[in-house]
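Model the full assembly from the supplied sequences, consistent with the hints where possible.
Going line by line, the protein sequences match chains A and B.
Counting from 1, one number per residue, gives the positions in the first sequence under UniProt numbering.
Counting from 1, one number per residue, gives the positions in the second sequence under UniProt numbering.
Rather than coming from a laboratory, the hints here were simulated on the basis of the structure.
Be careful, since some hints might not be right.
As the list claims (entries may be wrong) - Where chain A lies over chain B, by a calculated footprint (3+ residues, C-beta under 8 Å): (1) 32–38; (2) 103–115; (3) 183–190; (4) 426–434; (5) 438–447.
Using N, Cα and C, we set each Cβ at its ideal position, and we do this for glycine too.
Listed below, chain by chain, are the residues.
Number of protein chains: 2
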Amino acid sequence: MEDKLKKLCKLIRYDILTSTTEAGSGHPTTSLSAVELMTTLFFGGFFKADLDHPKGVQSFINDRVIFSKGHASPLIYALYHVAGAISPKELMTLRKIDSDLEGHPTFRFKYADVATGSLGQGLSAGVGMALGIRLTIENRMWKVGVEDRKSKVEKNQSSNLNHLPLSSTVYPQSSVPNIFVLLGDSEMAEGQVWEAVQIASHYKLNNLIAIADINRLGQSTETMLGWDLKTYKMRFEAFGWRTIVVDDGHDLKKIFNAYVETQNFASLQKPTIILAHTIKGKGVSFLENKEGWHGKPVPKDMLQSALKELGKVDFKVRGKILPPKIKEIDRNLLKLIEIKQKATTNFNEFQRISTNFKKGDLIATRLAYGDALLALGDVDEKIVALDGEMSNSTYSEKFAKKFPSRYFEMFIAEQNMITTALGLSKMGFIPFLSTFAAFLTRGFDQIRMAQYSAPNLKIVGSHCGVSIGPDGPSQMGLEDISMFRSILNSTILYPSDAVSAFKLTQIMAKNDGLFYLRTNRKTTPVIYGEKEEFHIGGSKVHKVNIVSKVLKVKTLIIAAGVTLHEALKAQKELAKSGIEVVVLDVYSVKPIDQVTINQLTHNCHNIIVVEDHYPAGGIGEEVLAVLSKSEARNTKYETNSKRFENLNLKNSKIVSNFDIRISNFVHLCVRHLPRSGSPDELLHYEEIDAEAIINVVERFIAQK
Amino acid sequence: MEDKLKKLCKLIRYDILTSTTEAGSGHPTTSLSAVELMTTLFFGGFFKADLDHPKGVQSFINDRVIFSKGHASPLIYALYHVAGAISPKELMTLRKIDSDLEGHPTFRFKYADVATGSLGQGLSAGVGMALGIRLTIENRMWKVGVEDRKSKVEKNQSSNLNHLPLSSTVYPQSSVPNIFVLLGDSEMAEGQVWEAVQIASHYKLNNLIAIADINRLGQSTETMLGWDLKTYKMRFEAFGWRTIVVDDGHDLKKIFNAYVETQNFASLQKPTIILAHTIKGKGVSFLENKEGWHGKPVPKDMLQSALKELGKVDFKVRGKILPPKIKEIDRNLLKLIEIKQKATTNFNEFQRISTNFKKGDLIATRLAYGDALLALGDVDEKIVALDGEMSNSTYSEKFAKKFPSRYFEMFIAEQNMITTALGLSKMGFIPFLSTFAAFLTRGFDQIRMAQYSAPNLKIVGSHCGVSIGPDGPSQMGLEDISMFRSILNSTILYPSDAVSAFKLTQIMAKNDGLFYLRTNRKTTPVIYGEKEEFHIGGSKVHKVNIVSKVLKVKTLIIAAGVTLHEALKAQKELAKSGIEVVVLDVYSVKPIDQVTINQLTHNCHNIIVVEDHYPAGGIGEEVLAVLSKSEARNTKYETNSKRFENLNLKNSKIVSNFDIRISNFVHLCVRHLPRSGSPDELLHYEEIDAEAIINVVERFIAQK
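Printed below as a string of structure tokens:
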């Protein structure tokens with residue numbers, strides 16, 4: 001075994017060096033330090049996976065591996081090369097425009113569940129996957145023991161639902177798939193790593209195994225702890241992890257023994273980390289433990305001397321990744337899991353659930369979201385919820401109380417919450433995650449990275465805008481629409497009443513992708529009937545009948561959420577003076593209803609957009625993009641397509657006339673730095689209330 | 001003393017309960033748990049500050065206090081009330097629209113250095129202030145011992161400049177101001193807290209003292225650790241802190257002794273944390289240790305029974321915050337510090353420094369930024385630099401090598417870096433902080449919060465756009481312009497060549513506020529001469545002379561950075577066929593040069609915006625806002641104004657005609673999810689290269 005592994009390590013080093021030199025860029029030294037660690041994991045019989053079904057539903061029983069240090073991609077590709085899954089020819093396409101072997105792995109690489117490359121995110125994805133595995137196993141228990149579980153919940157009156165035991169006794173422990181995460185030492189400076197570390201120990205994720213490649217050197221300098229493995233050990237143990245120290249991370253025997261040791265953990269109910277002392281650039285003397293080589297390939301003229309140091313390479317040697325031990329596990333259970341995870345939501349069943357909201361009732365959209373999530377929970381077991389310790393404000397608590405095993409309290413750690421949800425989605429679950437809209441900015445990098453993992457995430461931000469009132473600006477989501485719009489293939493929904501909030505939540509569950517739902521703290525009256533239909537890219541036109549009209553040229557007011565109600569108030573008020581305005585509810589903020597906007601501007605040459613958001617990047621600018629027709633191509637959704645059809649796509653539809661019918665465009669939004677105050681005072685202060693709208697319309701009339 | 005403190009605690013409890021009930025919202029229970037901890041700090045003789053000079057330059061010798069748990073604002077205001085700094089009448093204006101006593105403190109509260117309310121940020125601000133204090137003291141050493149220091153640097157050949165000893169032996173240790181940070185236990189789940197914890201111990205910040213109010217309860221549930229102080233202690237000690245455990249955080253004697261103990265730390269060179277077991281809602285039996293009361297005031301009809309539990313309150317008792325011990329310290333030094341911190345940069349001196357870039361030279365803007373920062377370092381000692389362990393990519397390493405004591409390696413922990421820089425700015429320094437543009441998204445919440453602290457931050461993001469090439473999408477800043485535009489009073493600069501990068505860096509140093517500079521990885525030719533002038537809100541028009549023109553209606557191409565060069569290439573190529581286009585370099589992305597854009601559209605009715613950024617929220621939409629005239633009011637900068645003049649500001653200038661001269665508007669930007677590839681291949685793939693521009697112009701012509 002050791003001889004074989006040695007040979008494999010040699011070939012992998014050869015691959016790393018040659019592929020990066022060929023690419024002319026990349027991170028060979030970072031890859032070289034983890035060769036022994038990962039070769040032993042892959043080919044020493046520890047990592048078990050069916051390479052024919054690397055991702056998706058069929059892969060539940062596979063172990064998973066996440067390269068959190070995504071810049072070690074030359075090592076990843078080399079491992080799959082020596083496993084026979086990548087041809088030598090493909091290996092040499094590293095970083096080329098037509099290759100799926102990118103500089104940092106994305107969803108395009110078929111063996112990567114999540115994209116990595118922004119450091120410190122991999123462990124959170126691992127937490128999500130480990131929770132997903134546990135829950136999948138638990139689902140059976142849920143079905144067979146639902147009454148038993150219910151009574152447990154009832155007896156346990158504590159609100160600490162997250163503390164309920166998540167035992168997995170039904171499933172043989174030795175067959176529970178493991179999640180392996182390779183961590184770099186530099187990235188352990190990221191707070192998100194410690195968010196994941198604390199949550200993993202809180203949830204007792206004993207099938208989560210991290211491997212820390214402690215090579216001492218970052219990109220530009222030494223890490224804070226260097227090779228101080230003792231301190232790393234202390235920190236992880238203080239955070240409730242089991243640690244295994246490998247004082248030489250290039251000694252195959254020691255590494256092998258460490259992996260053997262990880263297998264004796266079932267009773268400990270702790271996550272495990274292997275802390276390995278390694279050498280950056282290991283194997284090539286002029287790279288070893290040297291600064292100045294990070295992210296640099298060996299120049300062509302030095303490659304031969306580097307390769308020479310490897311000694312004789314056996315180009316024919318191949319390693320075998322063992323398949324999962326299916327025999328040991330309950331085949332019927334596996335079948336059940338497959339069926340369940342493949343099943344699509346029975347929406348007919350969902351639609352029978354009455355929303356039970358009456359027109360005129362004052363209900364916050366966040367509350368209706370909570371109701372919808374609760375209702376969805378009954379329909380589809382794949383729906384799970386996560387919250388950043390705000391569940392009694394976002395109303396995810398309704399779901400949490402009824403489905404405690406499918407609710408994950410993520411505490412005040414938004415970054416980890418987002419990537420954990422991504423991990424759960426990669427195990428076939430449909431995660432809804434919520435906190436205040438303002439605090440989602442904490443996880444922008446995690447949301448940004450998720451787009452490169454073909455995500456299925458439903459993100460819900462409550463307490464948007466100045467209309468939250470007295471808590472003040474720190475709690476107001478005022479950049480959130482801009483943030484989610486900037487993500488290329490996102491969908492943004494922004495309901496104005498309980499009915500639309502309920503139905504848009506259902507739409508999110510139905511559709512794959514990265515979704516953002518913006519909800520309000522403030523109550524608003526129900527304006528839509530139970531039968532009203534909503535869809536992605538839709539809108540609702542609100543008109544009033546006026547007999548004697550003052551104006552020929554009408555005004556179109558575009559709004560959503562709280563400001564929709566201000567627009568409707570203004571409409572009613574103006575109608576009294578015979579002034580007609582059309583109000584458009586753009587509840588689908590992205591994609592926005594271009595067709596209806598363009599139709600309405602035939603008759604409405606004055607446009608007002610009014611939104612509870614800062615000026616840049618919000619609904620106002622999106623409407624401008626529609627009016628300029630520059631938005632046309634942006635409605636095509638590409639995230640989940642495997643490959644882009646055409647590298648030389650022509651600019652076919654992007655040239656078009658600006659809409660010259662428009663004579664006035666006014667954008668009412670949050671233009672003063674907000675402060676504490678009552679919701680109505682603040683809407684007035686920011687000039688996004690009915691009065692401000694009426695003022696503008698009156699100015700339009702005076703203009704004539 | 002104990003009796004006096006007891007009386008003060010009673011009055012403070014009274015204030016907390018009455019002010020929140022009067023406001024109808026707020027967080028009394030969170031405030032009540034820390035009453036004894038903070039009353040002892042303020043009035044037990046430990047916190048020393050001159051309340052007449054609470055912020056700014058004169059306040060260097062003040063201790064500072066940061067309420068990281070910003071929702072405990074009723075406690076903050078009550079403390080200053082009993083200190084005589086807030087009138088009883090003002091106290092009762094809590095959360096009202098015309099009050100500076102906001103729901104969570106912002107820059108408007110005169111005793112708050114930084115806004116808090118998004119949890120887990122206060123300790124990082126404290127790290128910045130503690131570093132600022134040390135550096136201020138060191139500055140003297142720097143002046144008197146510059147030669148000595150230089151030789152130290154030369155002898156120490158290690159690149160670990162951050163490991164240089166930052167001794168403060170010149171300054172009497174007992175007079176070094178302390179930074180106190182009140183931490184909530186819930187917020188310790190935030191990764192940023194652990195980023196700050198590790199950096200504080202790395203930099204041996206022995207004047208940083210955290211006080212943890214461990215009341216067990218979060219907003220909706222119990223924290224992960226509850227009252228497990230032993231584990232908190234273990235974690236902080238593993239991270240290199242000294243811990244002092246107070247097993248009853250309401251026992252004044254025990255708290256007093258803990259603060260006395262903090263004073264014996266000089267030799268330890270460690271930050272200190274007081275871990276106190278407290279009770280949420282302490283003092284009112286029906287609130288104590290109860291769930292369901294977070295963020296809720298006592299209802300009016302229950303207030304009397306709550307107040308009754310406090311017993312007899314002495315409304316006349318007042319506490320005294322001791323002034324700093326000026327006598328003990330070197331008065332001349334203090335004078336020197338004042339003069340230095342008040343001094344403005346000598347820009348004449350700076351402008352004498354030749355940029356030394358020749359037209360046509362291929363230089364990356366990130367490199368020119370590094371040169372400019374280096375040059376600035378000589379001119380103004382207040383300039384400091386921070387980097388997220390990317391200094392050899394962002395080129396802040398040039399500054400780091402020459403001014404090691406003014407460079408702070410922040411390692412891969414962007415959130416902490418941003419708030420630490422904010423803290424440094426609050427001690428009078430001018431912080432420049434840099435990392436990859438993509439990774440700045442990691443700190444969006446911190447940037448968002450900074451805007452409520454009247455910030456002076458110069459944020460630099462390198463490696464923007466697809467033009468970085470083979471590293472792939474995870475490393476590409478494609479949402480950064482959108483992110484910084486969405487911050488209300490930000491300024492965004494985006495140079496296209498070395499000269500503009502150099503000069504725009506200088507402009508950032510000169511001007512106060514929140515700045516973002518976007519730099520490129522890719523080299524670009526120098527196109528501007530040494531004498532060229534740049535300014536905020538400016539632009540550069542590039543024209544070519546063409547004798548026989550094909551078109552009467554010209555095209556305006558708006559670009560910046562890498563795409564400016566593509567536009568210039570297209571311009572040159574089109575000129576050969578007699579097609580005239582005007583190219584506008586909008587190096588000042590925000591505020592953008594509205595005047596010039598509006599002038600140019602008199603003759604250019606076709607507009608192309610081309611940018612290396614995703615479609616939403618970037619330059620394209622900003623230009624649309626200009627064309628629609630809806631942007632008019634957004635150029636007014638308000639951040640640093642103390643109060644807004646007028647709550648009923650009328651919509652004076654916002655109604656105006658849409659620019660109906662425009663016949664075509666095309667927005668070329670990153671519309672396909674990017675991948676690895678060469679920079680030129682990717683510019684082509686995304687259709688933002690010269691060829692794509694030429695295609696569009698040719699289509700304009702064919703249209704006629």
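Going through the hints against the structure:
{"no.": "1", "hint": "32–38", "result": "violated (count 0)"}
{"no.": "2", "hint": "103–115", "result": "holds (count 5)"}
{"no.": "3", "hint": "183–190", "result": "holds (count 4)"}
{"no.": "4", "hint": "426–434", "result": "violated (count 0)"}
{"no.": "5", "hint": "438–447", "result": "holds (count 6)"}
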